[in-house]
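Peer 1: Just so you know, the protein sequences line up as chains D and E, in that order.
Residue numbering for the first sequence follows my numbering, starting at 1 and increasing by one per position.
Residue numbering for the second sequence follows my numbering, starting at 1 and increasing by one per position.
Read the hints as simulated data drawn from the structure, not as lab findings.
All of these numbers come straight from a predicted model, not from anything done at the bench.
None of the hints are false.
The list that follows gives simulated cross-link-like pairs (lysine-lysine, DSS-like), each with its CA atoms no further than 30 Å apart: (1) K309(E) <-> K476(D); (2) K228(E) <-> K476(D); (3) K309(E) <-> K470(D); (4) K490(D) <-> K228(E); (5) K228(E) <-> K309(E); (6) K228(E) <-> K471(D); (7) K490(D) <-> K471(D); (8) K470(D) <-> K490(D); (9) K309(E) <-> K490(D); (10) K490(D) <-> K476(D); (11) K471(D) <-> K309(E); (12) K228(E) <-> K470(D).
Here is how the chains run, residue by residue.
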Amino acid sequence: MTTAITPPNTIPTPTGRTSLLRRVIRRPLGTISLAFLLVVAVIAVIGPLIAPYDPNLASLQLVLAPPSAEHPLGADSGGRDVLSRLLAATQISIAAALVALVTALLIGVIAGLIAGYYRGWFDNVASWFTALVMALPGIVVLLAARAVVGPSVWAAMLIFGILLAPAYFRLVYAAVSAVRSELYVDAARVSGLSDLRIISRHILSVVRAPIIIQSAIVAGIAIAIQSGLEFLGLGDMSVPTWGSMLNDGFINIYKAPLLMMWPSLAIALTSIALTLLANVMRDALERTVQVRRRRRRAVATATGSIAAVTTSIGTVTGGIGIGIDAEAEPTIRHADDERAAARAGETILDVRDLRIGYGQDDGGTLEVVHGVSLDIRRGEVHGLIGESGSGKTQTAFAVLGLLPRGGRITGGSIDYEGVRLDTLGEREYTAIRGRRIGYIPQEPMSNLDPSFTIGSQLVEPLRVGLGLSKKDATEKTLALLERVGIPDPKRTFAAYPHEVSGGMAQRVLIAGAVSTDPDLIIADEPTTALDVTVQAEVLDLLRDLQAERQMALLLVTHNFGVVADLCDRVSVMQHGLIVEHGPVRAIFGRAEHPYTRSLLGAILDEGPARAPLGGAAIEKAEIQDADVAKADAVKGGAR
Amino acid sequence: MLPFVLRRLASGVVLVFVISVIAYALLYLGGGDIARRILGQNATEEVVAEKASALGLDQPLFTQYFDWLTSAFGGDLGRSWFTGQLVAVSVSSRLAVSLSLVIGATLIAAIVAVVLGVLAARRGGWIDNVVQFVSIIGFAIPGFLIALVLVLVFAINLGLFKATGYVPFASSPSGWIASVTLPIIALSLGATATVAQQVRGSVLDALSRDYVRTLRSRGLSTNRVVYKHVLRNAGGPALAVLAVQFVGLLGGAVIVEQIFALPGIGQLAVQATGAGDIPVVMGVVIATAIIVVIVNLLIDLAQAALNPKVRLS
Numbered sequence: 001m002t003t004a005i006t007p008p009n010t011i012p013t014p015t016g017r018t019s020l021l022r023r024v025i026r027r028p029l030g031t032i033s034l035a036f037l038l039v040v041a042v043i044a045v046i047g048p049l050i051a052p053y054d055p056n057l058a059s060l061q062l063v064l065a066p067p068s069a070e071h072p073l074g075a076d077s078g079g080r081d082v083l084s085r086l087l088a089a090t091q092i093s094i095a096a097a098l099v100a101l102v103t104a105l106l107i108g109v110i111a112g113l114i115a116g117y118y119r120g121w122f123d124n125v126a127s128w129f130t131a132l133v134m135a136l137p138g139i140v141v142l143l144a145a146r147a148v149v150g151p152s153v154w155a156a157m158l159i160f161g162i163l164l165a166p167a168y169f170r171l172v173y174a175a176v177s178a179v180r181s182e183l184y185v186d187a188a189r190v191s192g193l194s195d196l197r198i199i200s201r202h203i204l205s206v207v208r209a210p211i212i213i214q215s216a217i218v219a220g221i222a223i224a225i226q227s228g229l230e231f232l233g234l235g236d237m238s239v240p241t242w243g244s245m246l247n248d249g250f251i252n253i254y255k256a257p258l259l260m261m262w263p264s265l266a267i268a269l270t271s272i273a274l275t276l277l278a279n280v281m282r283d284a285l286e287r288t289v290q291v292r293r294r295r296r297r298a299v300a301t302a303t304g305s306i307a308a309v310t311t312s313i314g315t316v317t318g319g320i321g322i323g324i325d326a327e328a329e330p331t332i333r334h335a336d337d338e339r340a341a342a343r344a345g346e347t348i349l350d351v352r353d354l355r356i357g358y359g360q361d362d363g364g365t366l367e368v369v370h371g372v373s374l375d376i377r378r379g380e381v382h383g384l385i386g387e388s389g390s391g392k393t394q395t396a397f398a399v400l401g402l403l404p405r406g407g408r409i410t411g412g413s414i415d416y417e418g419v420r421l422d423t424l425g426e427r428e429y430t431a432i433r434g435r436r437i438g439y440i441p442q443e444p445m446s447n448l449d450p451s452f453t454i455g456s457q458l459v460e461p462l463r464v465g466l467g468l469s470k471k472d473a474t475e476k477t478l479a480l481l482e483r484v485g486i487p488d489p490k491r492t493f494a495a496y497p498h499e500v501s502g503g504m505a506q507r508v509l510i511a512g513a514v515s516t517d518p519d520l521i522i523a524d525e526p527t528t529a530l531d532v533t534v535q536a537e538v539l540d541l542l543r544d545l546q547a548e549r550q551m552a553l554l555l556v557t558h559n560f561g562v563v564a565d566l567c568d569r570v571s572v573m574q575h576g577l578i579v580e581h582g583p584v585r586a587i588f589g590r591a592e593h594p595y596t597r598s599l600l601g602a603i604l605d606e607g608p609a610r611a612p613l614g615g616a617a618i619e620k621a622e623i624q625d626a627d628v629a630k631a632d633a634v635k636g637g638a639r
Numbered sequence: 001m002l003p004f005v006l007r008r009l010a011s012g013v014v015l016v017f018v019i020s021v022i023a024y025a026l027l028y029l030g031g032g033d034i035a036r037r038i039l040g041q042n043a044t045e046e047v048v049a050e051k052a053s054a055l056g057l058d059q060p061l062f063t064q065y066f067d068w069l070t071s072a073f074g075g076d077l078g079r080s081w082f083t084g085q086l087v088a089v090s091v092s093s094r095l096a097v098s099l100s101l102v103i104g105a106t107l108i109a110a111i112v113a114v115v116l117g118v119l120a121a122r123r124g125g126w127i128d129n130v131v132q133f134v135s136i137i138g139f140a141i142p143g144f145l146i147a148l149v150l151v152l153v154f155a156i157n158l159g160l161f162k163a164t165g166y167v168p169f170a171s172s173p174s175g176w177i178a179s180v181t182l183p184i185i186a187l188s189l190g191a192t193a194t195v196a197q198q199v200r201g202s203v204l205d206a207l208s209r210d211y212v213r214t215l216r217s218r219g220l221s222t223n224r225v226v227y228k229h230v231l232r233n234a235g236g237p238a239l240a241v242l243a244v245q246f247v248g249l250l251g252g253a254v255i256v257e258q259i260f261a262l263p264g265i266g267q268l269a270v271q272a273t274g275a276g277d278i279p280v281v282m283g284v285v286i287a288t289a290i291i292v293v294i295v296n297l298l299i300d301l302a303q304a305a306l307n308p309k310v311r312l313s
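Just chain D, same shape as in the assembly (with noise of 0.2 Å):
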């Protein structure tokens, strides 16, 4: 099983000049841009030679001249060839944006450098100058400056370009930072490499790309601020730019309103190309990293028996999923024993062959569940169980109608107390959770509202499900709060789910999901994130809560030792299908199918929460005698 594992060495990384370029390239908008940006490059270039008359040749005949063969596009206040200066007026602002441009890559990037490699008082000094240069528009400084230094575009935009430095210098900390504390750079360190060699080897490759995208957001900004400053007439009226022809044409624009167009037209199109050129590259970057990190957890999880999830999982149909369950083998079921039978009373959850899957890119489904069926009595615990990628979260938020973005349930049936909830409408659902389906999450702190209070987010679903006054909300809250075990009610309702540790979070999250009480509990891996002691009293509590209530629980877990402890029947999920089912002490003592027994055996690594059933123990022994090797892989790669 071992093979399964793709070193994660071996993946691509498609980073670098050329695949980016050719990844932008691919893209329609991409191609435009860049071939728009290059024809301004090339005019920056030649314009002045190709310009047919010299730029600041004025004529008083030709003062404010419409269009015509000799001049395409008139001339302006000054009788001046409006084609030749736009051409020499390229070449300035481009060079220009470009003197800006250089600056701040320069200072922004060894700045941020030297600051996130070595820290100390360099890094204090930098984070200071930031604040100054942001606390000042661009603008205002630029007109001080040429109150002191003059109307000079050079001066101008070398002063921009300082301003512009933290615009690199925090990309290149924060990758700086992030990388420094990497293995791999600690490893190159150890191995004698110099500081210099492992900057440009490992941080300035991580770097690069971000910087391009960020070069071309700053070239516009250069472009966009040098000729705002030349339009405001303080720039040096003899040098012809794309700022200075725009001021001339805003004074005559009444009189010859075309002579605004050209310069204008000139700004934005290159404006527009550079930030277009910006996120197509950063569209492209962001793809690869996502394609990227799906591969890594793909291989995170291929390990021991889930590696063939991923390859399972992976069936991708067009449109509508249509189904693997051809091949798949039927579920191995086992009857009721007495102590499922004494709960066999009206089924309340009905769930048949449930399909979900995930819309793609390209217009296909992903098939995620293939076709599961199962049923929850009233009252009763049932154990659904599986490992990660099972499919088994998924079924839990498709009863809950919580599929995530993109999800959707594309075959089969859910009925919950007579009610078809797969076809049902947002706004009748909405009435349904909550009142008649609870949710118990897998992670605390993460399902809390950073924002509020714990108590105002207990009292709300109170007050519009319920419609409780606020006192008789909160006074139900309190109540439920010292029911699951928290010592100070009081303080942890006006507290911030910041402020209590992990297993308080979950008693109030088993709190929020029982107070509007409903018939339903689904339960996601209630206590995997939580300490092991911890574990336990939840554990507890959750089963004297059901006792008391007379809920039926959906206890979704990977631990057979909290199936054990709990449950009343179990069903097996692995790779989307239910493989088989039936009451716990059936599953524990016969389990047929090799899946369930290769979980069986490593529950023993594993360590249940608490001591199993009495007969349990012994055949688990049994099942671990008999199957050794496969309990081996497991153990090898379920953690």
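We have chain D; now place chain E onto it with these hints.
Peer 2: For chain E alone, coordinates are given in the frame of chain D:
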């Protein structure tokens, strides 16, 4: 809460002080022979020296700055070298114009951006694509170009608004609205685009949080969860971006005031810069820095109101 406010206030005061030192040093050292510039090339040496001593320019820079600082605390920022007007008076009289533009644009940007951002994040599909594309264009095109187009279309061709000039609110509220509408629209577009992008991103982020699912599992409607819980959590990052945008809008106002001939602080800055009127430039710099510090403080307070963790740190 109070220590938090005091600490932010103190760091703001330090920031303004540092800016004043740097600006003063650069403006007064870099200007060359200031008295000569004021009086022109034909003035005699004695007259120039007399002028310099009258302006206090013969004192060491430190003494000059100290004098400036002490009178600045009393609300006196000196006099313009050319018009002789009190700097504090001309700056504050123009501040109302600029602030009405910038605050108006900030409010509009905030409201429109929240609507667009939430819409794009929740609906997805073509609405998302349209909002994203418009945001990119709005971000890319410099504000003053938008202002020029607005002038050309609405003021000159359609004659719907006044192209230039300012009507104080006190003398005619409707006239005031007519005079600031186009400038505010021109200013707010870029900021709206940027903030909308941020709102979209942080709403998407907040929507994918576990607590959203848990709150919905308790029978709260999606709308309620979005408008109460998601927006509050997405508000922090959006406010931070809005603060940066405010500084950008102050800068944008400089150019927009020029286009619409509004007597704001930006117009004052452009005139003073062109003439080399250092005390006025200095006054504009300090006034701007103080406004930015105050706005940042307000944003910090709003952050603290939204996020309990900020309050405690």
